[in-house]
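There are 2 protein chains.
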Amino acid sequence: MSKIADINKNFPQWYQDVVSGAGLAEHSPVKGSMIINPYGYALWENMKDVLDGMIKQAGVQNMYFPLFIPKNFFTREEEHIEGFSPEVAWVTIGGGKELEEPLAVRPTSETIIGQYFSDHIQSYRDLPYKINQWANVVRWEMRPRLFLRTTEFLWQEGHTCHMSWEDAEQERQRALDMYKDFVSNYLAMYVIDGLKSESEKFAGADITSTIEGMMGDKKALQMGTSHNLGQNFAKVFDIQYLDEKGERKYVYQTSWGVSTRMIGGLIMAHGDDKGLTFPPNIAPVQVVIVPVLVKDISRDELEKYVQDLEKVLAEKGIRFYTDWDERNTVGWKFNEWELKGVPVRIEVGLKEMENNKITLFRRDLREKETVNKEKIKDIDNILNSVQDNMLNRHKRFTESNIKEINEYNQFREILSEDNYFIRSGWCGSRECEDKVKQDTTATVRVLPYAYNDFTKDVPQKENKNCMVCGQNGKYIAIWAKAY
Amino acid sequence: MSKIADINKNFPQWYQDVVSGAGLAEHSPVKGSMIINPYGYALWENMKDVLDGMIKQAGVQNMYFPLFIPKNFFTREEEHIEGFSPEVAWVTIGGGKELEEPLAVRPTSETIIGQYFSDHIQSYRDLPYKINQWANVVRWEMRPRLFLRTTEFLWQEGHTCHMSWEDAEQERQRALDMYKDFVSNYLAMYVIDGLKSESEKFAGADITSTIEGMMGDKKALQMGTSHNLGQNFAKVFDIQYLDEKGERKYVYQTSWGVSTRMIGGLIMAHGDDKGLTFPPNIAPVQVVIVPVLVKDISRDELEKYVQDLEKVLAEKGIRFYTDWDERNTVGWKFNEWELKGVPVRIEVGLKEMENNKITLFRRDLREKETVNKEKIKDIDNILNSVQDNMLNRHKRFTESNIKEINEYNQFREILSEDNYFIRSGWCGSRECEDKVKQDTTATVRVLPYAYNDFTKDVPQKENKNCMVCGQNGKYIAIWAKAY
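Residue numbers (the working numbering), protein chains in the order written: chain C, 1 to 483; chain X, 1 to 483.
For reference, chain C alone in the conformation it holds in the complex (with noise of 0.2 Å):
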């Protein structure tokens, strides 16, 4: 088994050493670009089913658009080509000749989209109009990390049409919604929703939502993000239709996306000293079962024995492994499968076997349990139980590392010792945005408001100042170091 760097004293070569000794993914021969491992992917496949299933549940279809998009389009919205220019690849020579017009590798689909909507859209009866599409995207990264930070990553993006303002804002909500019950019912990771700061809203945007979730080390990641892009698309490529009355009306776009990066936060949220912990909604492997083979017991009574067990799971629809290897000892397995996140192991020897038994060993816990060999056909209820108890523990572990701050040297203090989510008062300006950054390299993670009290603006209504320069606070802030 691979070694894994001490979790409380350097967190990132922890991380580097669980993705990598788990096999999960790799760093490439491609600066910035990743390999996903089979673990990493079959992780990946079980997420992109369950949010597919979502996506369409939510009336959106799939569709497939170009992984290239023309120089000109691209250009067209002033904010975004500002805010993306400087990570896009460019494609400049193609089928053996240079290009007359660049081609950029997509890091998002808004314009080509907008262009596609444009030439589909004609009337009310066409709205809303609502798509997504899995696809890779492009965003040119200069310090990669595996999952978290990439020059190429899977995701998916949902792009919708609108009458109103309140419907766009609606389906931004609902978006929102659908990723913060996938990241806590299947993640097992509880999130702080709300809205970005100007500084921190997708370029082209009016509005940007968040789920912010905290990780092991307490510094935050973005885990998902819906945006309000207002009119500003359609404006520029002429989204129009023709409402009731016959008038040509632009109309009101979100968009809304979530990527392998992910991953990075289910692994920083969960994992411990051994690895991985995966919540068994989404772990590739639920339960891995190992046969402890010693001089005494016969191989064949062994086998018949893990089978009834097997039959049970597969009944069940659990997705498991049996590890018969006899190259690696039984201690190796214990740490390999720990070090995999696998939920749930059960241990089948000879002491097991004389007494109809088996032994459970929780993950999430890491406590093992000799139970009667019966105590199987409960599996499903033990792996609630790990799913709810991760979930419960990630609650508890974030809540008491939210500090209520609002001395701004009281804040810089506990930064520079450790790190946490600090709530305080904010006046709203980049000024003290800035300064803040500045000082202790946090930054506004987000905006919180309380579930269906969305609006553009989000005022607190707690009245505190502004922890920076004392004046008025406008929003409540989750400040912390981020990913």
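Check each hint, because a few of them may be wrong.
As the list makes no split between identical chains, a pair holds if one copy fits it or if it spans any two.
Computed cross-link-like contacts, BS3-like style, restricted to lysine-lysine with a CA-CA straight-line distance of at most 27 Å [as the list claims (entries may be wrong)]:
1. Lys201 x Lys97
2. Lys375 x Lys351
3. Lys56 x Lys311
4. Lys31 x Lys97
5. Lys56 x Lys316
6. Lys304 x Lys56
7. Lys130 x Lys48
8. Lys48 x Lys316
9. Lys71 x Lys97
10. Lys31 x Lys71
11. Lys31 x Lys235
12. Lys333 x Lys130
13. Lys56 x Lys333
14. Lys245 x Lys130
15. Lys31 x Lys48
16. Lys373 x Lys311
17. Lys130 x Lys31
These are calculated hints, taken from the structure and not from any lab test.
Add chain X to chain C, keeping to what the hints say.
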């Protein structure tokens, strides 16, 4: 409904008309790249789901490799770079700077995966090593045709490593058999399997095998290929393993793939003058219900009647859609759903309701029958019967258009009148092949072999001389004009 060109008079225009009219795909503003519309993408998702299951069943694991391939990788295998060079798109600018080394946008991934194998394979215990990736690839296309030839397309590419030439041969054949199984049983297409001639094989392969299907205009379309790469890439990328005796040896490799091109084949094999005909096993919508709402019917009663049908379809897991849209006439709807190739249409109107009946329309036979409402319970059998009939029909069509000809003059004459698959002896020389191409534009599509009768060469047993030069006829060849 869109107007479609006469299939007998202008097949290419008919193709373009049904692809866009049925909402499968459209040309994008990026020359050569297509937009896959929701109906077309749903079809691709169905195909992908089935094939992905078959691939996993064969013990192949999914992974993901980078989109970009460094130039020096790409140029290492001589035949490979020579074959692909004219089609490659090159990224020369990234992150705001000119790149020191241009990056190829992958036209296929043998090279980058070759490097991966070299890094990961150590011992004979690691073999066979079998991986697959679902990805987009780019091959510059001057004369694009939707699905058939597009600069960017979607595909899967399998890559495997083995200890011996024979093992690689078996895997090449397994992949081809898998494709044939898929195409026969899901796409309801009869195909001819066998090897490619030297001039048509994959750049860098020892052997390329193919399944070739006959389109409605009796031209050929390559539906999928599998390659025995021998040790060509292994030697270039140093993919070695220690055998049981501790000796270092090069692996033998295969690769195999099918793409969105298959969709073009599906359309052209089964379409008719009314549009598409989709086989039920893969159709995005298997059954469409068209309620016929007239004055004398209460909408409530009709809805109830339809709900009874929907309930049965839902219970059976049938993909169905009920078209209640009041903007279009019933006649328009019939045409529209025929254009979209939905296998079975159920009509329910006054006549049906009064007699407790439903009217069934089979797209493949274009026959209508009014039957007892209870017959809905038999829908699986009806769909199976459509599926079988479509395969048999395509087999009959193909077989009746394969001409046995061994006289070159006759060959030229018959191909000047119409398209056919022509079966003849061939000496195997490039000279004769080139002559035929120049004279008729037909090429060797496939050197057919009987099931399990595969070998590097497929010498004929029929003692036919070469149709072109009259000399020793080494092979039986199928000649045809091709897409």
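Hints and how they fare:
1. When the C-alpha separation of Lys201 and Lys97 is checked against a cutoff of 27 Å, the pair qualifies only between copies, where the shortest distance is 25 Å, while the shortest distance within a copy is 38 Å.
2. Taking identical chains as interchangeable, the C-alpha atoms of Lys375 and Lys351 lie at most 27 Å apart only when both belong to the same chain, with a minimum of 16 Å there against 59 Å between chains.
3. Within a single copy, Lys56 and Lys311 get their C-alpha atoms only as close as 33 Å, which misses the 27 Å cut-off; across copies the closest is 20 Å, which meets it.
4. For a Cα distance limit of 27 Å, the shortest separation of Lys31 from Lys97 qualifies both inside one copy, at 25 Å, and across copies, at 14 Å.
5. Both within a single protomer and between protomers do Lys56 and Lys316 lie at most 27 Å apart by alpha-carbon distance, with minima of 26 Å and 20 Å respectively.
6. Taking identical chains as interchangeable, the C-alpha atoms of Lys304 and Lys56 lie at most 27 Å apart only when they sit on different chains, with a minimum of 26 Å there against 43 Å within one chain.
7. Both within a single protomer and between protomers do Lys130 and Lys48 lie at most 27 Å apart by alpha-carbon distance, with minima of 18 Å and 23 Å respectively.
8. Proximity of Lys48 and Lys316 under a CA criterion of 27 Å is satisfied in both settings, with 22 Å inside one chain copy and 25 Å between copies.
9. Taking the shortest alpha-carbon separations for Lys71 and Lys97, both the intra-copy value of 17 Å and the inter-copy value of 16 Å come in at or below 27 Å.
10. In this assembly of identical chains, Lys31 and Lys71 lie within 27 Å of each other by CA distance both inside one copy and across copies; the values are 24 Å within and 13 Å between.
11. Taking the closest pair of Cα atoms, Lys31 and Lys235 come within 27 Å of each other only across two copies (24 Å); inside a single copy the shortest separation is 37 Å, beyond that limit.
12. Taking the shortest Cα distances, Lys333 and Lys130 sit within 27 Å of each other only across copies (23 Å), while inside one copy they are farther apart (47 Å).
13. In this assembly of identical chains, Lys56 and Lys333 lie within 27 Å of each other by CA distance solely across copies; the values are 24 Å between and 40 Å within a copy.
14. In this assembly of identical chains, Lys245 and Lys130 lie within 27 Å of each other by CA distance solely inside one copy; the values are 23 Å within and 60 Å between copies.
15. When the C-alpha separation of Lys31 and Lys48 is checked against a cutoff of 27 Å, the pair qualifies only within one copy, where the shortest distance is 26 Å, while the shortest distance between copies is 30 Å.
16. Within a single copy, Lys373 and Lys311 get their C-alpha atoms as close as 13 Å, which meets the 27 Å cut-off; across copies the closest is 41 Å, which misses it.
17. Taking the closest pair of Cα atoms, Lys130 and Lys31 come within 27 Å of each other only across two copies (25 Å); inside a single copy the shortest separation is 35 Å, beyond that limit.
Every hint, counting from the list given before, is met by this structure.
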